[in-house]
Amino acid sequence: MVSDTEILAFFRGELSRQVNRKLQTVPLELETLLQDYAPADELPYVISDYSNKYGVDISALDMRNYFPWENLPFTTRVFKGRNFRASVIANRKPLTVKMFAESARVGRWLYD
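Numbering (the numbering used here), first residue to last: 178 to 289.
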């Protein structure tokens, strides 16, 4: 059985380390929102590696639920403004390492 700490160690090793304004490393924890921690273009590769390493079926994982802003048309993003962006981001589903750990124990993506 896969433990939470094993999955956390995997994500810590695969994702780029984030740095705050004081140039201190921001730790990745089980409940850290991955949308705020990792770039949207890096996560698909890490998730694919996770799927291959732990044998998890991620076909049900719909990234549009977790990154809704990136899936809007360019004109919508430009002309709707910051308030619209804030409301879209506020209504996104959370994506955490704990979700991946729970899914690894079952062998398939449990959420969405």
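Derived from the structure by calculation, the hints contain no laboratory data. Careful, some of the hints might be misleading.
[Stated by the list, open to error] No more than 27 angstroms apart at the CA atoms, straight line, and that leaves these computed lysine-lysine pairs for DSS-like:
hint : residue 1 : residue 2
1    : Lys230    : Lys270
2    : Lys257    : Lys275
3    : Lys199    : Lys230
[Unchecked claim] Just the calculated beta-carbon pair ranges, DEER-fashion:
hint : residue 1 : residue 2 : range
4    : Arg198    : Asp289    : 19 to 25 angstroms
5    : Arg259    : Asp181    : 35 to 41 angstroms
6    : Lys257    : Thr202    : 21 to 27 angstroms
7    : Asn242    : Glu206    : 18 to 24 angstroms
8    : Asp234    : Lys275    : 16 to 22 angstroms
9    : Asp234    : Phe256    : 24 to 30 angstroms
10   : Val283    : Phe261    : 16 to 22 angstroms
11   : Arg198    : Gly258    : 34 to 40 angstroms
12   : Val255    : Asp181    : 36 to 42 angstroms
13   : Phe251    : Pro204    : 21 to 27 angstroms
14   : Arg269    : Val203    : 16 to 22 angstroms
15   : Thr252    : Thr202    : 17 to 23 angstroms
16   : Arg285    : Arg189    : 32 to 38 angstroms
Virtual Cβ for every residue (Gly too), placed ideally from N, Cα, C.
A quick look at each hint next to the structure:
1. Between the alpha carbons of Lys230 and Lys270 the distance comes to roughly 25 angstroms, so the proposed pair stays at or under 27 angstroms and holds.
2. Restraint check for Lys257 and Lys275: not satisfied, since their Cα atoms lie roughly 33 angstroms apart, outside the 27 angstroms limit.
3. Distance check on the hinted pair: Lys199 and Lys230 sit about 35 angstroms apart at the alpha-carbon level, beyond 27 angstroms; violated.
4. The beta-carbon spacing between Arg198 and Asp289, approximately 34 angstroms, falls outside the hinted interval of 19 to 25 angstroms.
5. A beta carbon spacing of about 36 angstroms between Arg259 and Asp181 agrees with the range 35 to 41 angstroms that was offered as a hint.
6. Restraint check, Lys257 to Thr202: a C-beta distance of roughly 34 angstroms breaks the suggested window 21 to 27 angstroms.
7. Roughly 22 angstroms separates the CB atoms of Asn242 and Glu206, a value that falls within the hinted 18 to 24 angstroms.
8. Under the hint 16 to 22 angstroms, the C-beta atoms of Asp234 and Lys275, about 18 angstroms apart, fit the expected range.
9. Our hint of 24 to 30 angstroms for Asp234 and Phe256 is violated, since their Cβ atoms are close to 39 angstroms apart.
10. Separation of Val283 from Phe261 is about 36 angstroms and departs from the stated range, judged on CB atoms against 16 to 22 angstroms.
11. Taken as a hint, the range 34 to 40 angstroms is violated for the pair Arg198 and Gly258, whose Cβ atoms sit roughly 26 angstroms apart.
12. Distance hint check for Val255 and Asp181: the Cβ-Cβ separation is about 40 angstroms, which falls inside the suggested range of 36 to 42 angstroms.
13. Range check, Phe251 to Pro204: Cβ separation about 34 angstroms, and the 21 to 27 angstroms hint is violated.
14. Remark: the range hint 16 to 22 angstroms for Arg269 to Val203 is upheld by a beta-carbon distance near 20 angstroms.
15. Range check, Thr252 to Thr202: about 38 angstroms between beta-carbon atoms, so the 17 to 23 angstroms window is missed.
16. At about 23 angstroms, the beta-carbon gap between Arg285 and Arg189 misses the expected band of 32 to 38 angstroms.
Of the numbered hints listed earlier, those contradicted by the structure are 2, 3, 4, 6, 9, 10, 11, 13, 15 and 16.
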